[in-house]
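Just so you know, we're using my numbering here: the sequence shown kicks off at 1 and counts up by one.
Simulated from the structure, these hints should not be mistaken for lab results.
Among the hints, a few may not be true.
[As the list claims (entries may be wrong)] Pairwise CB distance ranges (calculated): (1) Arg74 <-> Glu430: 51 to 57 angstroms; (2) Lys509 <-> Val575: 21 to 27 angstroms; (3) Asp303 <-> Gly405: 25 to 31 angstroms; (4) Arg552 <-> Gly177: 50 to 56 angstroms; (5) Tyr274 <-> Asn503: 39 to 45 angstroms; (6) Ser476 <-> Ile504: 42 to 48 angstroms; (7) Asp303 <-> Thr513: 54 to 60 angstroms; (8) Ile504 <-> Ser553: 21 to 27 angstroms; (9) Lys71 <-> Ser476: 23 to 29 angstroms; (10) Ala45 <-> Lys71: 32 to 38 angstroms; (11) Ser569 <-> Arg87: 30 to 36 angstroms; (12) Gly556 <-> Ser476: 25 to 31 angstroms; (13) Ser406 <-> Gly460: 35 to 41 angstroms.
[Unchecked claim] Once the Cα atoms are required to be at most 20 angstroms apart in a straight line, the calculated EDC-like pairs of lysine to aspartate or glutamate come out as: (14) Lys120 <-> Asp236; (15) Lys509 <-> Glu442; (16) Lys482 <-> Glu528; (17) Lys165 <-> Asp516; (18) Lys115 <-> Asp213; (19) Lys485 <-> Asp401; (20) Lys462 <-> Glu550; (21) Lys488 <-> Glu528; (22) Lys115 <-> Glu83; (23) Lys499 <-> Glu520; (24) Lys212 <-> Glu229; (25) Lys273 <-> Asp63; (26) Lys499 <-> Asp516; (27) Lys71 <-> Glu61; (28) Lys72 <-> Glu83; (29) Lys461 <-> Asp401; (30) Lys71 <-> Asp84; (31) Lys120 <-> Asp235; (32) Lys124 <-> Asp235; (33) Lys193 <-> Asp213; (34) Lys120 <-> Glu83; (35) Lys329 <-> Asp63; (36) Lys115 <-> Asp63; (37) Lys227 <-> Glu61; (38) Lys71 <-> Glu114; (39) Lys273 <-> Asp235; (40) Lys140 <-> Glu166.
These figures come from a predicted structure and were not determined experimentally.
Quick reminder that beta carbons are idealized off the backbone N, C-alpha and C, glycines included.
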Amino acid sequence: MKLRNIFRLMALLVGAGAVDAALYRRDYDALDYFAVHLHSSVSPAQVEELLGARHEGQIGELDGHHTFSIKKDRGVDLDGILEDLKRRSLRRRSLEVRGEPAGTDGLDGILWSEKLVPRKRLHKRVPPPPLELSQRIPEKTPNPAAQSRQGEIANALAIRDPLFKEQWHLFNAFTPGNDLNVTGLWLEGITGKGSISAIVDDGLDMYSNDLKDNYFAKGSYDFNEMKAEPRPMLDDDKHGTRCAGEVAAVHNNACGVGVAYDSKVAGIRILSKYINDADEAEAVNYGFQDNQIYSCSWGPIDDGMTMDAPGLLVRRAIANGVQKGRGGKGSVFVFAAGNGAGHDDNCNFDGYTNSIFSITVGSVDWNNQHPYYSESCSAQLVVTYSSGSGGYIHTTDVGADTCSGSHGGTSAAGPLVVGVMALALQVRPELTWRDLQYILVETAVPLNETSDGWQTTSIGKKFSHDFGYGKVDAYSTVHLAKTWKLVKPQAWFHSPWLKVYHNIPQGEKGVSTAFDISPEMLKAHNLERVEHVTVTMNVNHTRRGDLSVELRSPSGVISYLSTARAQDSERAGYVDWTFMSVAHW
Numbered sequence: 001m002k003l004r005n006i007f008r009l010m011a012l013l014v015g016a017g018a019v020d021a022a023l024y025r026r027d028y029d030a031l032d033y034f035a036v037h038l039h040s041s042v043s044p045a046q047v048e049e050l051l052g053a054r055h056e057g058q059i060g061e062l063d064g065h066h067t068f069s070i071k072k073d074r075g076v077d078l079d080g081i082l083e084d085l086k087r088r089s090l091r092r093r094s095l096e097v098r099g100e101p102a103g104t105d106g107l108d109g110i111l112w113s114e115k116l117v118p119r120k121r122l123h124k125r126v127p128p129p130p131l132e133l134s135q136r137i138p139e140k141t142p143n144p145a146a147q148s149r150q151g152e153i154a155n156a157l158a159i160r161d162p163l164f165k166e167q168w169h170l171f172n173a174f175t176p177g178n179d180l181n182v183t184g185l186w187l188e189g190i191t192g193k194g195s196i197s198a199i200v201d202d203g204l205d206m207y208s209n210d211l212k213d214n215y216f217a218k219g220s221y222d223f224n225e226m227k228a229e230p231r232p233m234l235d236d237d238k239h240g241t242r243c244a245g246e247v248a249a250v251h252n253n254a255c256g257v258g259v260a261y262d263s264k265v266a267g268i269r270i271l272s273k274y275i276n277d278a279d280e281a282e283a284v285n286y287g288f289q290d291n292q293i294y295s296c297s298w299g300p301i302d303d304g305m306t307m308d309a310p311g312l313l314v315r316r317a318i319a320n321g322v323q324k325g326r327g328g329k330g331s332v333f334v335f336a337a338g339n340g341a342g343h344d345d346n347c348n349f350d351g352y353t354n355s356i357f358s359i360t361v362g363s364v365d366w367n368n369q370h371p372y373y374s375e376s377c378s379a380q381l382v383v384t385y386s387s388g389s390g391g392y393i394h395t396t397d398v399g400a401d402t403c404s405g406s407h408g409g410t411s412a413a414g415p416l417v418v419g420v421m422a423l424a425l426q427v428r429p430e431l432t433w434r435d436l437q438y439i440l441v442e443t444a445v446p447l448n449e450t451s452d453g454w455q456t457t458s459i460g461k462k463f464s465h466d467f468g469y470g471k472v473d474a475y476s477t478v479h480l481a482k483t484w485k486l487v488k489p490q491a492w493f494h495s496p497w498l499k500v501y502h503n504i505p506q507g508e509k510g511v512s513t514a515f516d517i518s519p520e521m522l523k524a525h526n527l528e529r530v531e532h533v534t535v536t537m538n539v540n541h542t543r544r545g546d547l548s549v550e551l552r553s554p555s556g557v558i559s560y561l562s563t564a565r566a567q568d569s570e571r572a573g574y575v576d577w578t579f580m581s582v583a584h585w
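Based on the sequences and whatever the hints tell you, model everything.
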């Protein structure tokens with residue numbers, strides 16, 4: 001009997017019609033789940049019949065991508081089914097390459113498939129234990145002139161929030177200038193009105209007096225519990241609320257104020273339980289016509305050993321967000337760079353932070369120093385203020401009137417940039433996701449320039465793997481946004497594969513290869529200037545942590561795509577891993 005007929009015999013009684021994949025609570029004890037990408041000629045109902053599966057719904061905003069389930073007690077070999085579908089897909093692609101009819105009926109119309117397994121692979125980027133002997137905030141005396149100016153600003157804006165004087169990242173009365181430079185925008189009436197940010201995290205306390213007036217329910221969802229309200233439930237579900245307070249804490253008499261204190265903030269809860277790739281893919285696109293900016297202070301564990309990237313569904317969802325979100329202007333994804341510097345970790349080993357679609361944000365402390373935890377990499381665009389040298393970020397916490405004075409890490413840096421993006425979108429909502437990256441590059445302020453690692457790029461900008469293009473200046477960012485000329489559509493140039501059949505010698509000599517790009521090649525691909533450079537590599541090796549990779553431009557700018565990691569003893573090299581650099585912008 002043919003495999004297809006076996007599948008028909010196993011068919012279950014199922015309901016008709018598409019549903020939202022998030023409507024069914026997951027039951028992994030009784031069901032196996034899998035995702036498929038269907039050709040337009042094939043309906044989910046056909047797949048239900050052919051595979052004896054229940055259609056759980058489309059995967060969020062991903063057209064043609066669906067989740068199905070099969071009961072475990074029916075003895076169905078799901079792994080075998082998916083392996084057969086994989087062989088069919090490879091055969092179909094082979095026929096298409098040869099120009100032969102590939103067929104799009106039934107099982108041949110399943111373009112891609114994958115079993116969905118719940119995993120705990122995303123970790124909050126909370127500050128690691130400090131290297132200092134004491135966590136006590138050092139005694140600092142306010143600068144009298146700056147303290148007076150802070151009081152004038154508070155009076156002019158009627159700020160009565162008790163934490164405002166502690167929120168040095170907004171106005172630094174201790175070390176004037178070491179802050180976001182945002183209060184001038186508030187005095188001009190630029191406070192985030194009309195902007196909406198989504199905190200993708202462990203929940204958001206929408207009943208906090210510091211957040212409830214700015215909570216955006218329509219853009220919120222709990223993908224851990226499959227319910228509308230993403231309220232924190234676990235003892236350590238505080239991270240998302242703290243991040244939300246940095247962005248949009250209300251101008252009132254509770255705790256402090258957010259960078260964009262008149263903007264709205266949604267909560268998307270994914271970090272408190274195991275989730276599968278389909279749920280994560282739906283989460284990063286959730287409400288993407290209303291939610292403009294997605295704050296993501298999480299990623300693979302920062303242990304100096306892990307090299308991990310989002311699955312195919314999540315990658316497609318992020319790409320879908322920048323293509324279709326905000327009416328085609330693109331969702332804005334802001335990712336924390338990571339806290340693994342103490343473990344020799346590098347944000348180019350993280351497939352979220354090294355995406356061209358991400359604004360990757362590292363930290364500086366209140367002394368403008370690179371803190372002990374903040375990772376460096378060529379994919380890091382900018383930095384902003386967070387914990388270090390005994391200082392912390394003061395923000396909202398879970399509870400009606402609870403505040404936090406201990407938030408930090410790159411987790412706290414990312415949401416501050418989210419707030420600045422909300423201010424920029426208030427004055428220019430038509431800015432695309434790429435416009436915002438350009439504006440950050442143009443307005444970032446190099447700092448601590450006596451430290452090693454700063455390079456001057458071919459357009460005269462300063463770039464550092466520790467600091468990106470520098471710290472974010474909110475005032476300059478928003479004012480440039482007002483007059484910014486929108487960039488042209490994105491163009492792509494793909495180099496040929498470069499094959500190097502040589503052993504990698506020990507020491508600094510290494511193995512190198514090069515290729516030339518002519519003006520004619522650039523013209524043929526409609527490429528006028530460089531933004532992101534990606535390098536996909538396959539390297540055979542017996543100890544991954546010993547490898548390092550540099551990309552050198554004709555002008556002499558060096559991207560350290562990969563750096564050696566002492567704790568990475570994986571007996572492997574790189575398998576189709578894509579590194580990214582913004583150093584050649």
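Here is how each hint holds up against the structure:
Hint check: Arg74 to Glu430, Cβ distance near 52 angstroms, so the stated range 51 to 57 angstroms holds. Lys509 and Val575 have their C-beta atoms about 24 angstroms apart, which keeps the hinted 21 to 27 angstroms range intact. Checking the proposed 25 to 31 angstroms range against Asp303 and Gly405 shows it holds: the Cβ atoms sit about 27 angstroms from each other. Distance hint for Arg552 and Gly177: a CB-CB separation of about 35 angstroms, inconsistent with the stated range 50 to 56 angstroms.
For Tyr274 paired with Asn503, a C-beta distance near 41 angstroms keeps the hint of 39 to 45 angstroms intact. At roughly 44 angstroms, the beta carbons of Ser476 and Ile504 sit within the given window of 42 to 48 angstroms. Separated by about 31 angstroms at the C-beta atoms, Asp303 and Thr513 break the suggested range of 54 to 60 angstroms. Distance hint check: the CB atoms of Ile504 and Ser553 are about 22 angstroms apart, consistent with the given range 21 to 27 angstroms.
Our hint of 23 to 29 angstroms for Lys71 and Ser476 is violated, since their Cβ atoms are close to 58 angstroms apart. Between Ala45 and Lys71, the C-beta spacing of about 18 angstroms breaks the proposed range 32 to 38 angstroms. Checked against the hint of 30 to 36 angstroms, the pair Ser569 and Arg87 passes, with Cβ atoms roughly 35 angstroms apart. For the hinted restraint 25 to 31 angstroms between Gly556 and Ser476, the CB-CB distance of approximately 28 angstroms keeps it satisfied.
For Ser406 and Gly460, the Cβ-Cβ distance of about 40 angstroms falls inside the hinted range of 35 to 41 angstroms, so the restraint holds. Straight-line distance between C-alpha atoms of Lys120 and Asp236 comes to about 15 angstroms, which keeps the hinted pair within the 20 angstroms bound. With a C-alpha separation of about 35 angstroms, the suggested pair Lys509 and Glu442 falls outside the 20 angstroms cut-off, and the hint is violated. Using a Cα cut-off of 20 angstroms, the hinted pair Lys482 and Glu528 is violated, with the two alpha carbons roughly 24 angstroms apart.
Restraint check: the Cα-Cα separation between Lys165 and Asp516 comes to about 55 angstroms, which exceeds 20 angstroms; the hinted pair is violated. At roughly 41 angstroms between alpha-carbon atoms, Lys115 and Asp213 are farther apart than 20 angstroms, so this suggested pair is violated. Distance restraint check for Lys485 and Asp401: the Cα-Cα separation of roughly 43 angstroms exceeds the 20 angstroms cut-off, and the hinted pair is therefore not satisfied. As the CA atoms of Lys462 and Glu550 are separated by approximately 18 angstroms, the hinted pair is consistent with the 20 angstroms bound.
For the given pair, Lys488 sits about 10 angstroms from Glu528 by alpha-carbon distance, which is consistent with the 20 angstroms threshold. With a CA separation close to 10 angstroms, the supplied pair Lys115 and Glu83 stays within the 20 angstroms bound. In summary, the hint linking Lys499 to Glu520 is not supported, as the alpha carbons are separated by about 24 angstroms, beyond the 20 angstroms threshold. At most 20 angstroms may separate the alpha-carbon atoms for a hinted pair to count; Lys212 and Glu229 meet this at roughly 13 angstroms.
At most 20 angstroms may separate the alpha-carbon atoms for a hinted pair to count; Lys273 and Asp63 exceed this at roughly 26 angstroms. Among the hinted pairs, Lys499 with Asp516 is consistent with the structure: their alpha-carbon atoms are about 15 angstroms apart, no more than 20 angstroms. At most 20 angstroms may separate the alpha-carbon atoms for a hinted pair to count; Lys71 and Glu61 exceed this at roughly 26 angstroms. Only pairs whose Cα atoms come within 20 angstroms are accepted, and Lys72 paired with Glu83 is accepted, the gap being roughly 17 angstroms.
For the proposed pair Lys461 and Asp401, the alpha carbon gap of about 44 angstroms is over 20 angstroms, so the pair is violated. Using a Cα cut-off of 20 angstroms, the hinted pair Lys71 and Asp84 holds, with the two alpha carbons roughly 19 angstroms apart. At roughly 17 angstroms between alpha-carbon atoms, Lys120 and Asp235 fall within 20 angstroms of each other, so this suggested pair holds. With a C-alpha separation of about 14 angstroms, the suggested pair Lys124 and Asp235 falls inside the 20 angstroms cut-off, and the hint holds.
For the suggested pair Lys193 and Asp213, the alpha carbons sit about 13 angstroms apart, so the restraint of at most 20 angstroms is met. Proposed proximity of Lys120 and Glu83 is contradicted: the alpha carbons are some 25 angstroms apart, above 20 angstroms. At roughly 18 angstroms between alpha-carbon atoms, Lys329 and Asp63 fall within 20 angstroms of each other, so this suggested pair holds. A hinted pair counts as satisfied when its Cα atoms are at most 20 angstroms apart, and Lys115 with Asp63 qualifies at roughly 19 angstroms.
Straight-line distance between C-alpha atoms of Lys227 and Glu61 comes to about 18 angstroms, which keeps the hinted pair within the 20 angstroms bound. Pair hint Lys71 plus Glu114 holds up; C-alpha atoms about 16 angstroms apart against a cutoff of 20 angstroms. Between Lys273 and Asp235, the direct Cα distance comes to roughly 13 angstroms. Compliance with the 20 angstroms bound is thereby established for this hinted pair. With a C-alpha separation of about 12 angstroms, the suggested pairing of Lys140 with Glu166 holds against the 20 angstroms cut-off.
In this structure, the hints that do not hold are numbers 4, 7, 9, 10, 15, 16, 17, 18, 19, 23, 25, 27, 29, 34, in rising order.
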